[in-house]
Structure formats: C-alpha cells, structure tokens
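*Asks:* Throw the hints in and build the complete structure from the sequences for me.
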Amino acid sequence: MPTFPYLKLDHIDKSFTRGTTETEVLKDITLGIEKGEYVSIIGHSGCGKSTLLNLVAGLLPVSAGCVLLENKEVNEPGPDRAVVFQNHSLLPWLTVYANVKIAVDKVFGGTKSRQERHDWIMHNLDLVQMAHAKDKRPAEISGGMKQRVGLARALAMEPKVLLLDEPFGALDALTRAHLQDSVMAIHQKLGNTVLMITHDVDEAVLLSDRIVMMTNGPAARIGEILDVPLQRPRKRLALAGDAIYLKCRQRVLEFLYERHHFVEAA
Amino acid sequence: MNMPLMKAEPATVTPATTAKVLPLPPKRPALATRTRMVLGKVAERIVPPVVVIAVALLIWELLCRRAGSTLPPPSRVLTDTWELIVDPFFDRGGLDKGLFWHMSASLQRVALGYALASIVGVLLGTLVGQSTWAMRGLDPIFQVLRTVPPLAWLPLSLAAFRNGQPSAIFVIFITAIWPVIINTAVGIRNIPQDYRNVAKVLRLNQLEFFYKIMVPAAAPYIFTGLRIGIGLSWLAIVAAEMLIGGVGIGFFIWDAWNSSHISEIILALIYVGLVGFILDRIVAAAATIVTRGTAAN
Chain W
1 MPTFPYLKLD
11 HIDKSFTRGT
21 TETEVLKDIT
31 LGIEKGEYVS
41 IIGHSGCGKS
51 TLLNLVAGLL
61 PVSAGCVLLE
71 NKEVNEPGPD
81 RAVVFQNHSL
91 LPWLTVYANV
101 KIAVDKVFGG
111 TKSRQERHDW
121 IMHNLDLVQM
131 AHAKDKRPAE
141 ISGGMKQRVG
151 LARALAMEPK
161 VLLLDEPFGA
171 LDALTRAHLQ
181 DSVMAIHQKL
191 GNTVLMITHD
201 VDEAVLLSDR
211 IVMMTNGPAA
221 RIGEILDVPL
231 QRPRKRLALA
241 GDAIYLKCRQ
251 RVLEFLYERH
261 HFVEAA
Chain C
1001 MNMPLMKAEP
1011 ATVTPATTAK
1021 VLPLPPKRPA
1031 LATRTRMVLG
1041 KVAERIVPPV
1051 VVIAVALLIW
1061 ELLCRRAGST
1071 LPPPSRVLTD
1081 TWELIVDPFF
1091 DRGGLDKGLF
1101 WHMSASLQRV
1111 ALGYALASIV
1121 GVLLGTLVGQ
1131 STWAMRGLDP
1141 IFQVLRTVPP
1151 LAWLPLSLAA
1161 FRNGQPSAIF
1171 VIFITAIWPV
1181 IINTAVGIRN
1191 IPQDYRNVAK
1201 VLRLNQLEFF
1211 YKIMVPAAAP
1221 YIFTGLRIGI
1231 GLSWLAIVAA
1241 EMLIGGVGIG
1251 FFIWDAWNSS
1261 HISEIILALI
1271 YVGLVGFILD
1281 RIVAAAATIV
1291 TRGTAAN
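Protein chains in written order, with our numbering: chain W, 1 to 266; chain C, 1001 to 1297.
Worth double-checking, as some hints may not be accurate.
Unchecked claim - Restricting the straight-line Cα-Cα distance to at most 27 Å, the calculated cross-link-like pairs of lysine-lysine (DSS-like) are:
#1 W/LYS101 with C/LYS1200
#2 W/LYS27 with C/LYS1200
#3 C/LYS1200 with W/LYS35
#4 W/LYS112 with C/LYS1200
#5 C/LYS1200 with W/LYS106
#6 C/LYS1200 with W/LYS8
#7 W/LYS112 with W/LYS136
#8 W/LYS101 with W/LYS8
#9 C/LYS1200 with W/LYS136
#10 W/LYS134 with C/LYS1200
#11 C/LYS1200 with W/LYS160
#12 W/LYS8 with W/LYS27
#13 W/LYS112 with W/LYS160
#14 W/LYS101 with W/LYS160
#15 W/LYS136 with W/LYS101
#16 C/LYS1200 with W/LYS72
Claimed, not checked - DEER-style ranges, computed between Cβ atoms:
#17 C/ASN1205 with W/ALA131: 42 to 50 Å
#18 C/ASN1205 with W/GLY169: 28 to 36 Å
#19 W/GLU34 with C/ASP1139: 47 to 55 Å
#20 C/ILE1119 with W/GLU76: 30 to 38 Å
#21 C/LEU1138 with W/LYS72: 36 to 44 Å
#22 W/HIS199 with C/VAL1290: 36 to 44 Å
#23 W/THR111 with C/PHE1100: 53 to 61 Å
#24 C/LEU1123 with W/PRO229: 30 to 38 Å
#25 C/ASP1139 with W/ALA185: 50 to 58 Å
#26 C/ARG1203 with W/ARG236: 34 to 42 Å
#27 W/ARG232 with C/ARG1203: 30 to 38 Å
#28 W/ALA185 with C/ILE1282: 48 to 56 Å
Hints are computed from structural coordinates only; laboratory data are not their basis.
All C-beta atoms, glycine included, are put in the ideal place defined by N, C-alpha and C.
*Replies:* As structure tokens, this is what we get:
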C-alpha cells in the first residue's frame, strides 16, 4: 500500500458563480500534511487563503478535486476538523464554560459521562489558561481571552486537524505574541496537526514546520512551499537573531513583496 | 510620592505581641445621611410626575367645574366611582360585576390570544427567516394582511366561530401576530454566518440549531416583536369587547356610556392605561432577563 499524507488536498479548484460571471479563486491546489505537522498558508489578502481553509473545513464545497483526511474524502463540516475563527465566534449568550460545553456535549455526549465531560471541559479551559473565567460571558472578557476560549472549544472536540483562520489577526501585538506562545506550547504538548491561515510573516516562521505561499488571485496557486528547519521548542527572543529564522523570513518576504507583490486591482 | 509606604514602615516594626487587633469600622456615612441620600434619589424621580399630574388635575378641575360642562371634573369622578374603586370584587350576577372581574376577563382573552400569537408568530417568523422560498411566498401576504385594522377581522371571525369569546381571542391573535412574525424573521435573517458555521462544524441537527443557536441569537428581535404585540393586543381587546359584549373592560366602558355614567368611563380608561403599562413592563422585563447576554456582544 502506498503511503499517503494524513491530510491531503488533491488538485482542488474553487470558483464562485455570481449570476453569469464565474470567478476562479483557487487553481490546482495540491498539498499533503503529515500528522502532527504545523503548516501555515500565507498570501496577500484576497488571494483565497480563507476560502481554502473553508474548503478543508467543509464549509464550502470544492469545484473540483477533493480533500482527503486519512485517505477518506471529507466534503461536509465536522468536529474532526475544528475551526478557530478569526473573530472568535463565541455564542454571546453562553458563558465561557457553556461555550465549550456545547461542543463537548455534542461530540462526546454518547461516549463520556457527565462528570467526564465536565472534567474534559475544565481540562481544555486549563490548557488555554481560561479556567478562572469559566462563568464569564464573552462580552466580559478581552479579545485575546475570547480567542483562547475559541481555541479551547476547538481543542475540546479532539479534532484530527485543527484549522486556524487568522486566529490572532484581530489582536494587538503583545496579546498576539502571548497567544502564539500558548499555541506553540499546546502544539508541543498535544502534537496536533494544524493548518493555519495568516498574513503575518513572523508568525508563520515562528509557528510553522512548513509555510505554503500563495500567489495572488484570481486563480491563486501554491507558489512555493518553504520548510522551516528550526528546532522545537522555539523561543521567540532567541530566534530574533537566529540565522535560519532570518533566512526563512527573508525567503517569505521576497516571495510576497518581490515576486508576487500585492496588486491593488486584483 | 512614596509617603504612604514610608509611613507604614514603623507600624510593621513595632512588635504586635501586646497589641490587640481590632477590626476598623468601615467608613460609611451615618445612617441618617444615607437615608437622606436614598430619599433624595427617590424624590428626583417621584417629584416631577407628581407635580405634572397635580397641575393637570387642577386644570381639568377648573375647566369642568363650570355649570353646563359636558365632562365631570376629577372630584366628581372620584365621588361618583368611589364604590367601584373601593370594592372591585363585587359580583351581583350577570354583567353587574366589580372592575376586577371585567379586567380579569379582558386579561384572560388577551393572554390566550397573545400566547397563541407568540408561539405561531415565532414559528412562522423562523420559517420566513430561514427559507428564502417561504419568504418569497409568504411575505407579500403578510405585508398586506398586517395592514388590515384589527376590528375589520371581527365580523369575519364572528361568522366563522359564531360566538363572541373565540372571536375576540382571534382578533387579539391576528393583531399581535404580525409584529412577532416580522421581527422574528428579521432576527433569524440577521444571525451572523459565524454562528451558523459553528453549528455546522459541531453538526448540530435542525432541532438543536433551532433552540441552541436560532432562538437565543434572534431573542432581542423576537422580544421587540412581542413587546409591540402585547401593546397592540391591549389596544384591540377594548374595541373588540365593545362590540361582542359580555364581561370585559371594553364592554364595561360601552355599558357606562349607554347609561351615561361618564365618571365610570374615565375610571375605566385610567385602569386600562395602567394595565397596558404594566403588561408592557412585564414583557420588557422578560426581555431583559432572557436576552441578558445576547444584546451585548
């Protein structure tokens, strides 16, 4: 039996039809992600990277090609591909605890007892350091904390692949750094397979094992894939002057700003 | 700047072996001062309406006191209706009952019609908000029917039910349902795509999606509709009861007019206004409790 990657995007095309005009967004995307790997997708805004994540999540249908998870086609959303949305998407009428509970009850309602589910919710809130705020409502906590709860909700589904859609995009620089460190620590501890969308070069290099660089749309393709051969655990401060880090960063910057600079009209 | 810190130091040096630790009395203003403050706050709210009402009553009294005036002054209203005010619970059989019984009959009709309108309205609103096909089909009908004045439905419902009681309830129902349907539909349509995506990732089924996501997310809109609905119901019931007769505050007013008891009409109007106000407050209070989290995102 030939070996296959854990998550495989196989010759995916995606186009949107509006009225009679058809816009091709993604063209011939093929990508394999191994178990436990942390892969980032980077590109200018409008290149279709969020669309790509939605295709993997099953929130949008592919136009051609397929998404394979453990060599099985997935074409509808499910908790095995949990998403952390850019704007946290917590349900504002539920407490932090209840926001995680709704996921845990749905995914583990049949397999875990009430007490086990409670422990599992608390375990995941602990993991993102949010157990102290379990009875607060989303409106009462900061943006970074909301994103942590969103992460806890996704982790609590025990997904095969964790999909992060610009999870730190709406946060200030300090909060973002803090949250990136948390995500690195959790990835280190649990060994999740992660696919992250970002437009931040430093974030991509710091967190990823591989960086997938997208060309500009329409009909965006994978322009280049860069391996980031940095040892884990990675330390933000130590890496700031690290030669490999700087070289990777340089490569991504060159790709984004020299060869595929953002075209305003695109 | 460090003064408080430096001052505190000697205190920590002194041996505490002999000193007895006494809890400091909390620094609160004396009871009298606090009562005065609270009373002041209350007075700020109470004094203006009391003054305005007093002035209005005075003007009314002066205008209607003259001989030949068609309406009674407030002092006459009070003396004429004093029996009705002090004993709202009498029941001399037939339609000769205290105001409490009239009011409670009207409230029962409203409760029934309004409850039906709320349930059916939320369900229909959900359908219209969720399905484009249903919206296209039903919305034109709703838009036309909702402009029909409540009482215009009464003859038709009397023809259908051949009885005053269900007809009145139907009029309440048909009056209250439109704002509930329309606001619910708008609320459902405005549910952010994010919440729908969360539901999809979790694979919530239709029923779970309805009561875990839709209803709470649309709750502020639904309650706007419910609040408009209760106001309209109360408006419609008085008019409907004037026509159908039987026990009820609307009939009481009509009966008072027929017997030229103008003072009783005025008393009933005050009661109708107060009850309508209370009903509105009850729905508003329910809304604040239920939508505590939803409104502030």
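*Asks:* Could you grab the alpha-carbon distance between W/LYS101 and W/LYS8 and see if it respects the 27 Å cut-off?
*Replies:* Given that 27 Å is the threshold and the Cα spacing comes to 30 Å, the pair is violated.
*Asks:* C/LYS1200 and W/LYS72 were given as a pair; does the straight-line alpha-carbon distance stay at or below 27 Å?
*Replies:* 19 Å, holds
*Asks:* Against the range 28 to 36 Å, how does the distance between the Cβ atoms of C/ASN1205 and W/GLY169 compare: consistent or not?
*Replies:* 32 Å, holds
*Asks:* Please check whether C/LEU1123 and W/PRO229 have a Cβ separation lying inside 30 to 38 Å.
*Replies:* For W/PRO229 against C/LEU1123, whose Cβ atoms are near 59 Å apart, the range 30 to 38 Å is violated.
*Asks:* Between the beta carbons of C/ARG1203 and W/ARG236, is the distance compatible with 34 to 42 Å?
*Replies:* 37 Å, holds
*Asks:* For a C-alpha distance cap of 27 Å, please report whether W/LYS112 and W/LYS160 respect it.
*Replies:* 18 Å, holds
*Asks:* Next pair to validate is W/LYS101 with C/LYS1200; report whether the Cα-Cα distance is within 27 Å.
*Replies:* OK: W/LYS101 and C/LYS1200 at ~16 Å, within 27 Å.
*Asks:* Next pair to validate is W/LYS101 with W/LYS160; report whether the Cα-Cα distance is within 27 Å.
*Replies:* 19 Å, holds
*Asks:* Starting from the hint 50 to 58 Å, judge whether the C-beta atoms of C/ASP1139 and W/ALA185 obey it.
*Replies:* Holds: the Cβ-Cβ distance is about 52 Å, inside 50 to 58 Å.
*Asks:* Between W/ARG232 and C/ARG1203, does the C-beta distance stay in 30 to 38 Å?
*Replies:* Once the Cβ atoms are compared, 33 Å apart, the range 30 to 38 Å for C/ARG1203 and W/ARG232 holds.
*Asks:* If you draw a straight line from the CA of C/LYS1200 to the CA of W/LYS35, is it 27 Å or shorter?
*Replies:* Answer holds: C/LYS1200 to W/LYS35 is near 24 Å, not above 27 Å.
*Asks:* Assess, step by step, whether the Cα of W/LYS136 is no farther than 27 Å from the Cα of W/LYS101, and give holds or violated.
*Replies:* With a Cα-Cα distance of about 14 Å, the restraint between W/LYS136 and W/LYS101 holds, given a limit of 27 Å.
Figure legend: structure checked against the earlier numbered hints; hints not met, in rising order: 8, 17, 24.
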